[in-house]
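K.L.:
Spelled out, the chains give:
There are 2 protein chains.
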Amino acid sequence: MRLLLISNSTMAGEAYLGWPRNYIKDFLGNSVKTVLFIPYAGVNLSSESIEKSWNLYEKKVAEVYAELGYELQSIHQFADPIKAVEEAESIAVGGGNTFYLVYMLHKTGVMEAMKKRVEAGMPYMGWSAGSNVACPTLRTTNDMPIVEPASFNCLNIIPFQINPHYLDAHPEGHGGETREQRINEFTAVNRQTTVVGLREACLLQMEGKTLMLKGKHPMRIFNFGKEAFEVNPEDDLNFLFNS
Amino acid sequence: MRLLLISNSTMAGEAYLGWPRNYIKDFLGNSVKTVLFIPYAGVNLSSESIEKSWNLYEKKVAEVYAELGYELQSIHQFADPIKAVEEAESIAVGGGNTFYLVYMLHKTGVMEAMKKRVEAGMPYMGWSAGSNVACPTLRTTNDMPIVEPASFNCLNIIPFQINPHYLDAHPEGHGGETREQRINEFTAVNRQTTVVGLREACLLQMEGKTLMLKGKHPMRIFNFGKEAFEVNPEDDLNFLFNS
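Protein chains in written order, with our numbering: chain H, 903 to 1145; chain R, 903 to 1145.
Misleading hints may appear alongside valid ones.
If chains are identical, the list can't say which one is meant, so a pair holds when it fits in one copy or spans any two.
Result set (DSSO-like, lysine-lysine): computed pairs, CA atoms no more than 30 Å apart in a straight line [stated by the list, open to error]:
hint: 1; residue 1: 961; residue 2: 1128
hint: 2; residue 1: 1118; residue 2: 954
hint: 3; residue 1: 1128; residue 2: 985
hint: 4; residue 1: 985; residue 2: 1118
hint: 5; residue 1: 1128; residue 2: 962
hint: 6; residue 1: 927; residue 2: 1128
hint: 7; residue 1: 1009; residue 2: 1118
Keep in mind that the hints were calculated from the coordinates and are not lab data.
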């Protein structure tokens, strides 16, 4: 499989998809020419309608991919979204609200169609919500459950859960749970599942059976009943497939 | 109906259920003697098992209620949880993980049983996740979806959604959504539903048909296509029932 699972699209102050664009270019290389974009997570780029929101999202992402030399088209422009997936050269799943994304992927049948293609080798890119979709379920998203999907199940093409936008800070004056506390709640009721906290400006790249962490920060690993620990970009991540 | 919907149990540095305890005492008064506690949201107070976690949660909350003059017992100690609800004098639903709470309330049938009693006048107290459960659905929780409930539907005893622990701050270096952005995603796909952002150290009290905001801060009101606005503790909140 070929996966590029990106924590976040954009760091404060930079252009949209700023920091990851060189990684995207390296990942797609010169053989791929076209990208099928999944905009479903972008629910409110327009206040008029969700379709207009997806139009604006497509435009914003297509501009970045065009600069990198790829033609990007959104799945919502196709009459048959499953056929669009079956014929895609590569797929990019944009961030936004994970629940709405998963809701639409189940409703359209794109989840199953995409899983088949990705397992057969089609390059898959996702950021934020789009990274969560590669996991067994959406259960480690940070997003608000604004809609009830048919199921929490996702692509299940990696055997662990990603928590994107992982952050160590705790907002001042906030009586709610810290991120680490929230993940500890997850492992308490999902004791066999590993969670990886993927910090901003970091990504996971899978090439065949090799998984690599790339970016500026270490990644934090959570397992039930063990101390959380950090792994660095050069570390061997095979243990994530043997737990 | 008689409701006490509390944003958060505890402010930093104070004893557990510190700030709301006088409100709880005023709410229950002298006629009520016993409280049925719903501990389901507390998934990891013990690392041994969820039942031990609920035991510890019961102990912690019972100590506070004992100081106020009430005998509190947790529903997980009863062989028949539905019968326990049917015979309860009052109910308190503790905070923690909203998804696990709603999962258990559906699994046990306590959701339906509790709705009947509350609509018939039994006093209902909840904090954090326990406040969300009074809403039509869990869709405005901040919690991680660590388990998939049978349904997102909740008690639906108030016609609007509460976002507990509402905060204005945005953690530094965080590329994820702000709370207001997350709520705007909610209203974009749930255009008829009002969301109220209930800040720390605040609560909503309902007595019959009168709803009151109590506590230290104004409350922020979100509706699709309108500017968010603030209401203060003395303001008339009837508009929340007429939208």
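K.L.:
Is it within a copy, between copies, both, or neither that the alpha carbon of residue 985 lies no farther than 30 Å from that of residue 1118?
P.N.:
neither (38 Å within a copy, 56 Å between copies)
K.L.:
At most 30 Å between CA atoms: does that hold for residue 1009 and residue 1118 within a copy, between copies, both, or neither?
P.N.:
Answer is neither; intra-copy 37 Å and inter-copy 44 Å both fail.
K.L.:
Give the relationship of residue 927 and residue 1128 under a CA distance limit of 30 Å: within one copy only, between copies only, both, or neither.
P.N.:
Cα proximity of residue 927 and residue 1128: none, with 37 Å in one copy and 41 Å across.
K.L.:
With identical chains, the pair residue 961 and residue 1128 could be close in the same copy or across copies; at 30 Å between alpha carbons, which is it: within, between, both, or neither?
P.N.:
between (45 Å within a copy, 26 Å between copies)
K.L.:
From the Cα coordinates, with 30 Å as the cut-off, is the pair residue 1118 and residue 954 best called within, between, both, or neither?
P.N.:
Answer is neither; intra-copy 35 Å and inter-copy 40 Å both fail.
K.L.:
One pair to classify: residue 1128 and residue 985, alpha carbons no more than 30 Å apart. Within, between, both, or neither?
P.N.:
neither (45 Å within a copy, 39 Å between copies)
K.L.:
Within a copy, between copies, both or neither: where do residue 1128 and residue 962 come within 30 Å Cα-Cα?
P.N.:
between (42 Å within a copy, 25 Å between copies)
Violated hints for the displayed structure, listed by number in ascending order: 2, 3, 4, 6 and 7.
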